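Could you put the whole structure together from the sequences, leaning on the hints where they help?
Quick note, the sequences are listed as chains A and B, same order. So that you can map any letter, position 266 of the first sequence is 266 in UniProt numbering, and since no number is skipped, the others follow by simple counting. So that you can map any letter, position 46 of the second sequence is 46 in UniProt numbering, and since no number is skipped, the others follow by simple counting.
It is worth saying that the hints were derived from the structure and are not from the lab. Remember, predicted model here, so these are calculated numbers, not experimental data. Wrong hints could be hidden among the right ones.
One-sided and incomplete, this derived list gives chain A residues near chain B with beta-carbon spacing under 10 Å [to be verified]:
| id | residue |
| --- | --- |
| 1 | P39 |
| 2 | H43 |
| 3 | Q98 |
We treat Cβ as the ideally placed atom computed from N, Cα and C, and that holds for glycine.
Below are the chains, spelled out letter by letter.
Protein chains: 2
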Amino acid sequence: MTFPVLDTAAIKQAATSRLVLDTVRDALIAHAEGRTSVPPPLHMEFPEADGDCHVKAGWITGSTDFTVKIATGFYGNPGLGLPSNHGLVCVVSARTGQVRALLDDRGLLTAWRTAAAGALITDAMARPGAVTLAVFGTGEQARLQTSWLAKLRPVGTVLVHGRNPHRANALCDELDARGLRARPASAQEAAAADMIITTTPATVPVLDAAQVREGAHVTGIGTDMPHKNELPPALFHRAQLIATDDHAQCLDHGDFGHAVRAGAAAQDSDIAAGLLLKAPLDRLDTAITVADLTGVGALDAALASAVLGRLLR
Amino acid sequence: MTFPVLDTAAIKQAATSRLVLDTVRDALIAHAEGRTSVPPPLHMEFPEADGDCHVKAGWITGSTDFTVKIATGFYGNPGLGLPSNHGLVCVVSARTGQVRALLDDRGLLTAWRTAAAGALITDAMARPGAVTLAVFGTGEQARLQTSWLAKLRPVGTVLVHGRNPHRANALCDELDARGLRARPASAQEAAAADMIITTTPATVPVLDAAQVREGAHVTGIGTDMPHKNELPPALFHRAQLIATDDHAQCLDHGDFGHAVRAGAAAQDSDIAAGLLLKAPLDRLDTAITVADLTGVGALDAALASAVLGRLLR
Chain A
1 MTFPVLDTAA
11 IKQAATSRLV
21 LDTVRDALIA
31 HAEGRTSVPP
41 PLHMEFPEAD
51 GDCHVKAGWI
61 TGSTDFTVKI
71 ATGFYGNPGL
81 GLPSNHGLVC
91 VVSARTGQVR
101 ALLDDRGLLT
111 AWRTAAAGAL
121 ITDAMARPGA
131 VTLAVFGTGE
141 QARLQTSWLA
151 KLRPVGTVLV
161 HGRNPHRANA
171 LCDELDARGL
181 RARPASAQEA
191 AAADMIITTT
201 PATVPVLDAA
211 QVREGAHVTG
221 IGTDMPHKNE
231 LPPALFHRAQ
241 LIATDDHAQC
251 LDHGDFGHAV
261 RAGAAAQDSD
271 IAAGLLLKAP
281 LDRLDTAITV
291 ADLTGVGALD
301 AALASAVLGR
311 LLR
Chain B
1 MTFPVLDTAA
11 IKQAATSRLV
21 LDTVRDALIA
31 HAEGRTSVPP
41 PLHMEFPEAD
51 GDCHVKAGWI
61 TGSTDFTVKI
71 ATGFYGNPGL
81 GLPSNHGLVC
91 VVSARTGQVR
101 ALLDDRGLLT
111 AWRTAAAGAL
121 ITDAMARPGA
131 VTLAVFGTGE
141 QARLQTSWLA
151 KLRPVGTVLV
161 HGRNPHRANA
171 LCDELDARGL
181 RARPASAQEA
191 AAADMIITTT
201 PATVPVLDAA
211 QVREGAHVTG
221 IGTDMPHKNE
231 LPPALFHRAQ
241 LIATDDHAQC
251 LDHGDFGHAV
261 RAGAAAQDSD
271 IAAGLLLKAP
281 LDRLDTAITV
291 ADLTGVGALD
301 AALASAVLGR
311 LLR
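Set out below in structure tokens:
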């Protein structure tokens, strides 16, 4: 007898959007309240194969399971007909240390928890009457963030801004097929939307802070390394409310850190994003609000454990 | 399609002692020559369950696979009828980052590579004419180190020294059943053997350096944390050859480090154990030699990869 290995088909069946959203909301609140344990990750490089491996662990303090996530990126793989990213999530009992199961999720759970976190925070921080949504970027997260936000609140026109017009058109078609009204837009037009989500690997800001309207909310999810930067410091300077999913991480390698180093925001001017999910936000209709999300490892633990619980029930 | 999970039955079938010894020898040499990559481990604590989790990765530079080993110790488990230790070894392609297989080895490979390393180094460093073997400790490593050394060279009487006489007797019976001649012994008698292997979790030295005879060899494998200490500094002072499996690790949390901090050995007085496996050692019959082994993570990678290669062949 060994532990079960659950594949993406099983994981997709168990992870309803309700389960993912509820789990990620609770985990963000737990993280904001200091009820999570996330040790420094383990990292390896394989320069000859242009590859790397990150191992991240996380635990919601007191919960039944913790997880160890192994994620590899080998950037020459497409030339071999293989995807660049691989990995798995190992779910371990926090009571006995026994391996409960392995989730061969191919990065699915990480993508979902990222999308759910972005959608939940955007929904909580945007004006109740906000209608238009702009998304910067045309990749998997652009699609997921948009469709998950539409599960949480009515979304009017979706403005898609991408550097590659073919990819922007393809994403619009895909969103249209899901019942959303999407069309390509310039950066200037997108920056004027009620709600803005940036999902790019940009190293220079993708929008002009002066073009963001009063009353708008902006969520950035793409900046996850010190050299990346999606949101301009001037946007943080204009913001009346700044949320970060992890203060130390966002300061170290998020857009918030760029703004603090540029002198556009005070180091203690942010609030833990999870706290904004506990009760409806009291915000001015003219305020600009910003969320900087760099990804919280404890969400992996919460989501994998919840999916496993559903599968083994 | 997901990756295979190989259980202990399959692993035991593939891992012949020849395969393990050859693989560990080559890996120790590679490590001594700087051809390994071992990142700092990831560590988590679960104080309420008296548990911890260590994640260690290793790679023999240039080889096909690397490994990520998840090992948990939950010390209240025996009260629940469960073993304290759990874990698995994940074998990942160092060319594409794809998970090749999981070895649900229940710690078997770690135990074997530890025993093989101890036996190989003891065999390489002991006098050709050394006959009597003393083992301190009565646990799994006491049994394994003894029987693996007996695969490499003739072993005469085995003197077993343990604090618990029942466990010492039980180990002697077990070694007798494997064709060895074993009997319990006092610490003083054991310290006078030709070859000595210490396998305890002791925090104060288990033998008196003055009782060790000229020409003897001593291998310590139990000290793997800064607060542990099996071999007395005075033994290192008497030694004419000191080998460490990993200089930095042994200095940080091995018996060698205790000796250096006590002023009994110079910080650069050790030689990489793996180098002694390349050619027969030129040693004086009257010299005392000492090996301090703290465990090398890259051996896990080499052994798991070799076992997997045999299994998938």
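Now for the hints, and whether the structure bears them out:
1. P39: holds, 5 Å
2. H43: With a minimum Cβ separation of about 6 Å from chain B (threshold 10 Å), the hint on A/H43 holds.
3. Q98: holds, 5 Å
Checked against the numbered hints above, the structure breaks none of them.
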